[in-house]
Every structure is written in C-alpha cells, then in structure tokens.
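So the chains spell out like this:
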Amino acid sequence: MTYFPEEVVEHIFDFVGSHRDRNTVSTVCKAWYQVERLSRRTVFVGNCYAIRPERVMARFPGIKSLSVKGKPHFADFNLVPYDWGGFALPWIEAAARRCPGLEELRLKRMVVTDDGLELLARSFPNFKSLVLISCEGFSTDGLAAIATYCRGLRELDLQENEVEDHGCQWLSFFPDSCTSLVSLNFGCLKGEVNGGALERLVARCPNLRSLKLNRAVSVESLNKILARASHLVDLGTGSFAVDHRTDAYHTLMNSFPKFKSLRNLSGFWDASPCCLRAVYPVCTNLTVLNLSYAPAIQGDDLIKIICLCFKLQKLWVLDSIGDKGLAVVASTCKELQELRVFPCDIYGAGTTSVTEEGLLAVSSGCPKLNSLLYFCYQMTNAALITVAKNCPHFTRFRLCILDPGKPDPVTNQPLDEGFGAIVRSCKNLRRLSLSGLLTDQVFLYIGMYAEHLEMLSIAFAGDSDKGMIYVLNGCKNLRKLEIRDCPFGDIALLKNVAKYETMRSLWMSSCDITLGGCKALAAKMPRLNVEIINENEETDEFEENLSDLHKLEKIYVYRTVAGPRNDAPDFVWTL
Amino acid sequence: MGDQSNSPSSSIDSSSHPALCSPSSIFQTRRDLLSTDLKLGLGLSTSALHGCSSKEREQLSHWPPIKPLLRSTLEEKVHRSHSKTFFVKVYMEGLPIGRKLDLFSHNGYDSLMRTLRRMFRTTITCPDTSRVPPEKAHVLTYEDEEGDWMMVGDVPWEFFLRTVKRLKITRADKC
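Same order as they appear, the protein sequences are chains A and B.
Here the numbering used here is used: the first residue of the first sequence is 89, the next is one more, and so on.
Here the numbering used here is used: the first residue of the second sequence is 15, the next is one more, and so on.
Mixed in with the good hints, there may be bad ones.
[As the list claims (entries may be wrong)] Below are the DMTMM-like pairs computed for lysine to aspartate or glutamate, each with C-alpha atoms no more than 25 Å apart in a straight line:
{"id": "1", "chain 1": "B", "residue 1": "K179", "chain 2": "A", "residue 2": "E308"}
{"id": "2", "chain 1": "B", "residue 1": "K81", "chain 2": "A", "residue 2": "D253"}
{"id": "3", "chain 1": "B", "residue 1": "K81", "chain 2": "A", "residue 2": "E308"}
{"id": "4", "chain 1": "A", "residue 1": "K639", "chain 2": "A", "residue 2": "D600"}
[Unchecked claim] To list a few chain A residues with every Cβ distance to chain B over 12 Å, as calculated:
{"id": "5", "residue": "A184"}
{"id": "6", "residue": "H319"}
{"id": "7", "residue": "Y381"}
{"id": "8", "residue": "A415"}
{"id": "9", "residue": "P480"}
{"id": "10", "residue": "S521"}
Derived from the structure by calculation, the hints contain no laboratory data.
Here a beta-carbon is modelled for each residue, glycine too, at the ideal position from N, C-alpha and C.
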C-alpha cells in the first residue's frame, strides 16, 4: 500500500466512512495517518473535555463538519449544576482560526453564547448547517447574527435549547437574498416570532422541506405559511389551537390534503381533538408522529388518528394512549421501529396510563420494533420475557418504572429475570436503561450477555458493589455508564480502574463513593479526570479539612488527553 | 415477621413517612418494607410524594427522567388541574365596584355567560351571534397576558384560561 501515490490512498479512504474505521486506519503507519488526517471531513468529539479544540483543528485542517458534546447525559434531568461547563466558544474560536472551510456544526449539551454565535456566523463563509441540541446560554440576538451573516445557510435546527427571548425580530434578519433554507426548527423558543417575516422567509425558500414552529405560532399564521410551503416533508405545527367555529379552522381543514410529501408531524401544543382532525388526510403517508406535547388529547382521539397511520415508523405519545391505544398501534403500525411513551401525570398515581399489557401488544404486533422508551407504573418479569422473545432486534431499550424500586406486582419479585431475558435475547442491544426493583443479579446478566452494550443507565438498583463490578468486568463495548441512587461504593469504583480508559465517561450520583476512593482512582489513573461536583456550600470552606471518608454527592470520571480542565467552576474539583 | 437480616431498621413508624422523601430513602423504604413482608403498593409512594415539603419536592424533581421542555408542558397541565380555583376580577362599565369570579368552576363560555348575566343582571352577547345587539346589551371582554383587551369567545376555552387576566363587561356600541 505504501507504493501507491497519496491520491490513490486518499481515494480509497473516501470509502471509509465511519469515525471508528477512520480512527483505526490512521493508526496503521505515519503515511496513512497523514493522508487520513488531511482528507478527513467529519469529526465527532463525544466529550469536549477529552481533547483540546486546538489539537483537533491542527490535526484535521480540512474538516467541513464538526460535532461536539458537552455535559453528561444526566444534565437533561437537572442533575448537573447550571454552570458546570461545556463551553462552545473555545471550539468555535479554534475552528475559526484553523478550519475556515467549516460548513456544519453540531453541538449537544453545551453552553453557547451570543458572542460565540456571532463569531461563528462571521468566520465561515461556506457555513451551511447549525444544529444545537439541549444547549443554553444564548438568546435570540445570537440567532439574529446567524441569520444576518450566514449566507447560504441551509439548516438551523434548535432542539430543546434554553434560549433567552430578546424579541421577535431575529427572523427578520434573514436577508431577502436568503433563499437557501432547507430546514428551520425553532420549536424550543418561548417567545413570539415576527409572523410576516416568517411567512416571507418561507415563501422565498423553495427548497424548504423541514419547518418546526414554536408554540407561539398561531393557527392563523400557520395557515398563511402552509399556503406557501406545499413541499414540506417535516412539519412542527406550533400551537394548533383554534376554535372550530372560526374561518381559521376551516382553512386549516382544507390545507392538509395538498401536502403530498408530508411525512413527519410534531408540535400540537394546544391542540384539541377537533383540531387534530385536520391532519387525518395526511396520516396514511406519515412515517413520524410526535404527539408528546399534546396533553389535551385523550386516548380515544389518539386512537382515531393512529388507526390511519399504517406506514408509521416512529411514534412518540403520552401514556394517555393507554393499553387500549397501544393495541391499536400494534394492529395498525406494522412498520413501527421506534416507540416512545411518556408519562402524562408525573406526580399522581397514574390512573390512565400504560402497563405491561400495552408493551406486550406492541412487541407482538410490530415485528420491526428496535427502539423503545417506555414510562409506566408497573412491569412484570413475564411480560419482559415475552417481549424479549418477540423482539430480538432491540438496539435501544429504555424502561422507566415511575415508582423507584417497584417489584413485579404479580410475583413481588425483582425484575432481574425480565431484564436478563432482554439482554440475552437482544444481541445487538447498544443502549439500556433499567428501573424497578433490581438486585445484583441483573448486573450479572448484563455483564455476561450484553456484549454490544455501549450505554447503560441505572437508578435505584442493586444491593452491593458486586453489581457495578459485574458490569465493569463484562460489557466489553461499554462507553457510557451513568448511575444514580445505587449502593455502589469505593470497592466497586476501584475494582477495574483500567476499564475507565476504554470508556468515554462514568457518572455516579447519590451512591456510596467517598473522597478517599476518588483520590485513589485519580492517583492510579493519571489519564482520567476525576471530577467531584460539590454543591454543598458548607464543605466549600472546609475543603482541606474534608476527611477521606466524606461521601460524595456527584462524581464524573472521564478519559482525556487534555489534562484537568481550566474552566471548572468553584464547586467542581478535579483530583 | 419476615426476614430482617437485610434491613438496617426493621420497623418504619408510619408518622415518619412524609420525612422519607428523598429518592434514595424512598428506595430504602421500599426495600425495608419488602424485607419485613409488608405489602404496601403504589399507594405508599404516591402519598409520600404528596406529603413532601417543597424542598423534598425539589430533590424529587429530578425524577422521572424527562427533559425540561416536556416537564414544563406537563407541569402546566398539572398546575391547572391541581389548582382548584382561578378567581379573576370582573368589572362592568359604569360600576366602580367589581366582582370576583372563579373561572375553574365553569366548563365553557356558555356557563360563564350565564353566571355573568345573573351576577350583573344584563344581557351579554357572544361574538358569534349574528343578531345586532340592542343598545342596552353588553359584550364581554378580557385582558390577556400581553395587556390587550380582547373579545371573549374567539379562542378555545382552554386557551382562554391560559391567557385571561381579568374580565370587563362593556357596552356593545363601544366594540
């Protein structure tokens, strides 16, 4: 291979797509390392603190697409303090200096500022796509900068971000010459947008295929937009609340039949049952339907819409659908691959919700089901064993029993056997979340059988250190382990320290880890950052006097070549 | 009694239940109760949740694991249904003293109109009646969250409840 000219090697590498394969290829020899690094166009950084941005840009000067993730996953559930870190600016600055050809940036769980967005907008003349997921720290002013300076922008996708509202004018900053938008998603914005500017923008972008409006967009405005955007494939409807006695309602009812290309629907924030009727004409072509933000829609109305959706591949609903509704899903949606059922009533006893019956029905009726997120109040081992038999193709299985530590209600046993059946049967399982009453036994099964498992989330489970040890000693592909409220202590933490260098990160909160245990880990493994997150104000002052026996509330351990980070706030100590 | 070798404290005083509200202590309670062979089901944990102080609720707000956007959408619905009353001020044009009205005790515009007609002894017309209102009749308006005065009845009832701040009965010929 070394006798081939570089161009040939580079051409061959073009066919090597995945990050992992390209990483492997680059380690073969110096020549291949060089060719690979100069021809790499896409880089994915799973933990922004694992490597310094300057090193990434120096190694890959030709990148067009960069994806970076910041905070640990449990930040989604408020377990990570607000100013823990994950700043995007250093990445944007480094890219601006070394990689001006950047076209796409995707950031997840990072702190992005308006200054950062402005720098981004001004630094990359070919910039085409910005995707921000679960980020915070910026306002609509930053969006205005993106609109103003990114000529040729194709995609602006904002998912689940905390955006400060500085007014509705940001959309007006897209110049009249901007006609390139393909995808625009501002569903997470809380404030109003300038309706006229939005309508004009939609009208002048003939390639617009994905448009997700926020809750503040009224049906009147939606009607005007829909009149100009009949080629939409993906629509987030905005508020979708309208009185059926009004003209706006009749216009809406007449709008949908002409959307021949519509495949994805979401939004529906304030939709009432009669408004939902407007979408019936497009249901037969839908592949994705997200009704999880529509708590006003009850089971029977959900059933009416679902029984039309026989091409559905992805369905997100609230548990008001009930077992009865899931039976309809099972008999109608034979193409279903992904199902998410969210809890409607997060404080109550769940009188109208789903049980193991609903899951059983879907598992037997939907042969292609491979991804599940299911919130319920009870689950049985028998059901899980049957689900495992029915659906051996699960790649993602997340079950959340809302009552922590709840056993099988029929047998009063832990759910070890049920989850054991899942990991034994689903040989391609990459992601698993456990709940309910679980002993160390389930972790023995996971360690033994979950060979391809990459991400494991555990809460209120296990009896002793053995549980965590089983997982760390098995699961050879484990990348992310996140644990909360489990009786795992220093013995488990220190049993297999080399494992952590093969993983991206470990999160443990409300467990039995002590300061001494973390110090020992940090001493043994210099290439790990062992972060202690201590929000208790009292212990701040007594930092030096803290005994090694002091139990730690939150720790975050991750491999890194960048050393301890220099942007950690006061309450984060890196050992 | 059941096997007590696993439980650090074998007897749980029922009066201490509201205090056992952090997720890990609910978990411990679960395990302890099981090991002492008490079969308390779903009822216990939900009553424990309801019996919590607001600080304990804070800790529990990290459970269930749902993202903030969904959580705030659902909490809005919960607050709406848990708050049993929603009193707003009602003034009639020309009368300096206003009244107060519980909007939650009505299930729609018709019910609201009937109550107001009774309270103020006047005819209140709706926007969708085509009949031209006589001089003496009034229309019902409301102040929304942006401070604008709007005609009552244009938007769905649930939507109205979300935005209404107070009501005013004005003379029909002013609209």
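A quick look at each hint next to the structure:
1. Only pairs whose Cα atoms come within 25 Å are accepted, and K179(B) paired with E308(A) is accepted, the gap being roughly 23 Å.
2. Among the hinted pairs, K81(B) with D253(A) is consistent with the structure: their alpha-carbon atoms are about 20 Å apart, no more than 25 Å.
3. For a cut-off of 25 Å, the pair hint linking K81(B) to E308(A) is broken: about 29 Å separates their Cα positions.
4. For the given pair, K639(A) sits about 6 Å from D600(A) by alpha-carbon distance, which is consistent with the 25 Å threshold.
5. Every C-beta of chain B lies more than 12 Å from that of A184(A), the closest at about 30 Å, which supports listing it as non-interface.
6. For H319(A), the non-interface assignment is confirmed: its Cβ lies about 28 Å from the closest Cβ of chain B, beyond the 12 Å cut-off.
7. At roughly 5 Å, the least C-beta separation between Y381(A) and chain B is not larger than 12 Å, which violates its mark as non-interface.
8. With 12 Å as the threshold on Cβ separation, the claim that A415(A) sits away from chain B holds: the shortest Cβ distance comes to roughly 23 Å.
9. For P480(A), the condition that its CB be more than 12 Å from all CB atoms of chain B holds, with the nearest at approximately 26 Å.
10. A beta-carbon of chain B is positioned within 12 Å of the beta-carbon of S521(A); the least distance is around 8 Å.
The structure does not agree with the numbered hints 3, 7 and 10 stated previously, though it agrees with the rest.
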